[in-house]
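Q: Using the sequences and the accompanying hints, generate a full structural model.
Taken in sequence, the protein lines are chains A and B. Heads up: the first sequence begins at 1 in the numbering used here, then just goes up one per residue. Heads up: the second sequence begins at 1001 in the numbering used here, then just goes up one per residue.
Don't read these hints as lab results, they were simulated from the structure. Do not rely on the hints blindly, as some may be mistaken.
Claimed, not checked - Computed cross-link-like contacts, SDA-like style, restricted to lysine to any residue with a CA-CA straight-line distance of at most 20 Å:
#	chain 1	residue 1	chain 2	residue 2
1	A	K75	A	A39
2	A	K75	B	A1333
3	A	K75	B	L1048
4	A	K75	A	R35
5	A	K75	A	S32
6	A	K75	B	D1049
7	A	K75	A	P119
8	A	K75	A	Q117
9	A	K75	B	H1187
10	A	K75	B	T1270
11	A	K75	A	E116
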Amino acid sequence: MRVAARALAGGAGEGVSIRLSAPLSFWGGTDSRGRIVDAHHPQCGAVLAGRVVVMESGRGSSSSSSVLAEQIRTKAAPAAIVLARPDAIVALAAIVARELYGLDVPIVVVATPHHEQIPAGVLVRVDSTAVMW
Amino acid sequence: MLAGAYGEGVALAMRVIVGLGRISGAPRLVEITSAHVDSCLYHGRVSLDFADRLVGLGASVRVPTTLNVGSVDLLHPGLVRSETSQQRQTLAGGRRLMSAYLELGCTATWTCAPYQLPGRPALGEHVAWAESNAVVFANSVLGARTDRYGDFVDICAAITGRAPYAGLQTEDARRGTVVFDCRPLGHAFLASELAYPLLGHHVGSLAGAENPVLVGLPGDVGEDSLKALGAAAASSGEVALFHAVGVTPEAPTLERALHGLAPLRAHEVTLPTMRATRAELSTFGSGRLDAVSIGTPHASYAECETLAGLLRDGRPIHDGVAFYLSTGRATRARAERSGVLQVIESAGVTVVVDTCTYVTSILSPAARRVMTNSAKWAHYAPGNIDVAVVLGSTRECVESARLGRVALDDALFAEELG
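A: Written out as C-alpha cells, the structure is:
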C-alpha cells in the first residue's frame, strides 16, 4: 500500500510503525534513549528510537527541536515521523540535523483520513515524497 | 542573505528561516523588531554545535535579542549539582553555550519571562519569540505577533531580522475559536491565585492547538495570573494565543475575539472541574513534603513581594523541606535593592536565577515529594527530574513548608464561595 505525503524534511527512513494517540512533546516527554517518559501520555514507556512514529502533531515546549535533533545525532530518534498537520518544531530538528551532521530523518504530513489508516506495528518506509507499507 | 552577501553565518540562518517558511506555507518573510531566544538551554552537543557553527561563521543578531534560561545559575554556579558525569557535562556544555549566545550579540537576560523586562513589544508589533510561555504571553497579553518558534529558529530570526509571514503573524490565525465560559466559577474563585494555573491547564487540555477565548475573567486580573494561565495552557496543549474578553487587547468583546464568526466549540468551566484538575496535576496529595519550588515561569517582583509577605512572620520553614524560588536576575536585583530578597533568603529560601529548578539538576536527589504553585512545573517535573508533585497556591506552599507535610485548603472549590 502507498500513500502520498508532503515532506517537511527530506530523506528516507524505514521502521516498524507506532501510533501515538496523543500529541507528544519531545522535550520533557522523551528521554535521551528516545523513550516516552511523560506520565500523562497514553503511550508512556514506549521507545521511539528507530520506529516510524505516526502522530497527529507535536505539542508543548519549543525546546523539543533541540531534544529531537540531539536524538538524531545520537541515533536515538525515530526513523521517520508521519504527522497529520505540519509541525515546525518537529521539522526544524530534522532540518538542523541535516545542516550540522548530514543525517536524515524524514518528517512528512499525511492528510486525514489517510493518516488514520496507517496501521501500527507494520514495516513502513518513508521517503521525501511518499509513505509506503 | 541566502546567497552569502552578508556572510556564511547569515546564509545558514536564512536557510533555516526559508525552510521554516516553506513548512508553514508563508508567502513572504516579515521584518521583526525583537527576538527572544530559547536555544541557549543545553540539550546536548547539538545545542553547542549549532551555536558554535554560527559563531564560527561570523554571525550576529540584527535586532534586540533577549535570552531565555540557560542550564547554569551563573550568579550561583554551585547550585547546579555536579556529582554525575552527565551533570558535569551539562554544566560545562551549558556554560559554553551561554557564552556562545552572548558572542552572537544577545543580551544576558537569562529569563523565561522577558515580558517582565522594559522595552516589551507593543500591540501589533511583529517579533520572533521562543519559549512557549513567552510566546503565549506576547501574543495574548501584549498583542504582539509571534508564531511558536522552536529552538534554532529563534536565533536565526534574530540574525536575519526576519520570520516567515505565517501562523500567528497573520491576522486570520489570531481568531478565537473555542469559548470557555468561566462565569460559573464565581468571583471568589477567580480572585484566587490557583484559579489561573488550573484554568490554563484545563483550557490547554481541551483547546489543543486552537485559540481559546475565556469569558468572565475579572477585568482587573493581573499579569502574573495571565502568565500562569498561558504557561499552563501552552504545556497541557499547544496554545500560543488566548483571548480573555474585556482583558486582553484583541478581545474588547466576545464578537471581536471571534472575528465575528461562530466558535467551533463552547465549554462551561465549573468548580468541580477545577478541583479535578488539581487532582490530575498532582501525583500525591498528602503526607511528607521534601521541597517546594515556585517561580515557573520566573517570579515577577510582585510575586517575590507576596512570598516575602507570607514568610515575614510566622514559624520557620521545616528542617526537612528545601524551598526554591526561581526568578530573573533583573528581578532578583530589584528585590535586593528593596530588601525583599533578604526577607526571602533569611527565611531559608534558595533563590535561583538564570535557570529553573526543573530544567537542570538543582534539587537534591533526596527531594522526592515536591510542591509547586506552577501547573507548568507540575506538568513537566515528574518526567524531567523524576519527582512526585502536588500543586498548591503560594500560601499553601508556605504553610506546607512550615509543617513539613502537605496542607491543602480545598475550601477554594466549595460552591458557597462562588
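Q: Hint by hint, say whether it matches the structure.
A: Evaluated hints:
no., hint, in the structure
1, A:K75 <-> A:A39, "violated (24 Å)"
2, A:K75 <-> B:A1333, "violated (43 Å)"
3, A:K75 <-> B:L1048, "holds (18 Å)"
4, A:K75 <-> A:R35, "holds (13 Å)"
5, A:K75 <-> A:S32, "holds (10 Å)"
6, A:K75 <-> B:D1049, "holds (16 Å)"
7, A:K75 <-> A:P119, "violated (24 Å)"
8, A:K75 <-> A:Q117, "violated (28 Å)"
9, A:K75 <-> B:H1187, "violated (53 Å)"
10, A:K75 <-> B:T1270, "violated (46 Å)"
11, A:K75 <-> A:E116, "violated (27 Å)"
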